[in-house]
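*Asks:* Here is what each chain is made of, one letter per residue.
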Amino acid sequence: MSMSEDERDELRRKFEAYAESRDPALRDQLVTAHLGLAEYLARRFANRGEPLDDLVQVASVGLLKAVDRFDPDRGLEFSTYATPTIVGELKRHFRDKGWAVRVPRRVQELHLRLGKVVSSLSQDVGRSPTIAEIAERAGASEEEVLEAMEAGRAYRFASLDAPGSAGDDENQSLASQLGEDDPLMAGIEHRVALSPLIAELPRREQLILHLRFFEGLTQSEIAGRLGISQMHVSRLLARSLAKLRGSADDT
Amino acid sequence: MEHVGKEAEVRLSIPASPEFLRLARLAAAGLASRMGFTYDEVEDLRIAIDELCFSLVGNSGRPGTIVLRYWMQDDGLVVEGVGQFDDGMGTSPALSPLSQQILKAVVDEHELTIGKDGPEFRLVKRHNAG
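Chains as they are written, first to last, in the working numbering: chain A, 1 to 251; chain B, 252 to 381.
Derived from the structure by calculation, the hints contain no laboratory data. Heads up, a few of these hints could be off.
What the hints assert, rightly or not - Okay, the calculated beta carbon distance ranges per label pair: (1) Asp359/B to Asp68/A: 51 to 61 Å; (2) Asn379/B to Ser120/A: 17 to 27 Å; (3) Asp326/B to Glu143/A: 18 to 28 Å; (4) Lys116/A to Gly339/B: 30 to 40 Å; (5) Gln324/B to Arg127/A: 21 to 31 Å; (6) Gly88/A to Ser347/B: 36 to 46 Å; (7) Arg22/A to Val261/B: 49 to 59 Å; (8) Lys367/B to Tyr81/A: 49 to 59 Å; (9) Thr32/A to Thr364/B: 43 to 53 Å.
Said to hold, decoys possible - Here are some chain B residues the structure puts well away from chain A; computed CB gaps all over 10 Å: (10) Ile265; (11) Asn310; (12) Arg313; (13) Val329.
Said to hold, decoys possible - Taking beta-carbon pairs under 8 Å as the criterion, some of the chain B residues facing chain A (in silico): (14) Arg276; (15) Ala280; (16) Leu282; (17) Gly287; (18) Phe288; (19) Val293; (20) Pro344; (21) Gln352.
This one's a predicted model, so the numbers in the text were calculated from it and none came from an experiment. Each residue gets a CB set at the ideal place from its N, CA and C atoms; glycine is no exception.
Between the sequences and the hints, there should be enough to build the whole structure, so can you do that?
*Replies:* This is the structure in structure tokens:
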């Protein structure tokens with residue numbers, strides 16, 4: 001984030017000019033010059049279950065607001081002024097999502113346990129277990145199990161996509177490392193004809209969509225085939241569908 | 252619960268907005284659970300409810316309500332939803348080919364039509380466990 005005195009002066013002049021002229025080209029330059037700050041702050045909110053890309057966008061909105069409101073005459077450094085604005089924007093983002101995300105701790109804990117319970121039970125009974133069976137095994141009520149299943153939808157969508165321990169690359173998540181033969185992807189043209197947005201999904205999400213909705217495999221079968229838990233399959237499906245819906249509006 | 256008829260009906264009215272759809276899913280899941288549906292079947296049902304409800308309200312919701320009716324029947328669960336919107340009928344609802352494909356995979360029957368109060372859907376999820 002450090003910049004030279006010259007750069008600092010240059011930016012200060014630009015801020016002064018922008019305060020006068022409100023020239024969009026200057027605004028672009030000022031925003032671009034500080035994108036690093038937005039990204040830096042966005043990263044501090046990563047690992048809370050939101051994709052980093054989304055957070056950077058939210059932070060950038062905060063940055064835009066800060067550029068527009070900054071008054072260079074007051075002698076503050078821009079970064080000092082912008083940080084609380086950007087952080088405020090990020091916090092608001094989480095708060096607005098909070099309605100769906102707020103889940104009682106007991107249900108959160110059950111949600112985390114549920115994956116194992118469902119897979120061991122599925123093996124024991126040789127089919128997808130009923131909710132009553134899951135509740136009994138988990139020592140919870142049926143309502144709690146249902147809440148916990150629902151929690152998987154709102155709560156920590158990103159957990160599967162969270163970068164693996166290996167590094168920063170968002171594509172290096174656990175699920176993306178699952179190998180799968182290309183023949184399974186063969187029907188892609190057919191599916192893409194239904195929605196071009198499918199092609200933009202990560203490959204494993206395309207695969208799961210394909211197996212579930214085109215090949216008619218159940219979630220448990222897909223889980224067995226890919227060697228991931230059924231909860232993960234469920235979350236990825238919900239996530240893909242949400243994405244397909246979300247981007248449908250943009251087209 | 253012997254006094255609960257075999258064909259019990261439950262109604263739910265929610266604001267036509269995505270954040271309330273979880274209640275629609277939970278109600279369906281709760282009834283399906285009572286009926287002994289499996290985890291897989293409950294998941295399917297929730298996907299179908301989402302797909303159809305979103306087709307009524309769109310991604311950002313509409314002013315108005317969705318009235319959902321759930322029927323527990325001998326062989327499965329029937330869910331109907333009617334959108335009652337303050338901003339008029341809008342464009343007639345349509346399921347994308349992808350939505351059709353998804354619904355075909357997760358429920359036994361589905362339809363989306365225009366009723367007298369607004370767009371409405373109906374789905375049937377049969378009980379295939381065991």
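*Asks:* Each hint: holds or not?
*Replies:* Taking the hints in turn, this is what the structure says about them:
no.	hint	in the structure
1	Asp359/B to Asp68/A: 51 to 61 Å	holds (54 Å)
2	Asn379/B to Ser120/A: 17 to 27 Å	holds (23 Å)
3	Asp326/B to Glu143/A: 18 to 28 Å	holds (24 Å)
4	Lys116/A to Gly339/B: 30 to 40 Å	violated (49 Å)
5	Gln324/B to Arg127/A: 21 to 31 Å	holds (22 Å)
6	Gly88/A to Ser347/B: 36 to 46 Å	holds (38 Å)
7	Arg22/A to Val261/B: 49 to 59 Å	holds (57 Å)
8	Lys367/B to Tyr81/A: 49 to 59 Å	holds (57 Å)
9	Thr32/A to Thr364/B: 43 to 53 Å	holds (51 Å)
10	Ile265	holds (14 Å)
11	Asn310	violated (5 Å)
12	Arg313	holds (13 Å)
13	Val329	holds (19 Å)
14	Arg276	holds (6 Å)
15	Ala280	holds (5 Å)
16	Leu282	violated (10 Å)
17	Gly287	holds (5 Å)
18	Phe288	holds (7 Å)
19	Val293	holds (6 Å)
20	Pro344	violated (14 Å)
21	Gln352	holds (5 Å)
Comparing the model with each earlier hint shows violations of hints 4, 11, 16, 20; every other hint is respected.
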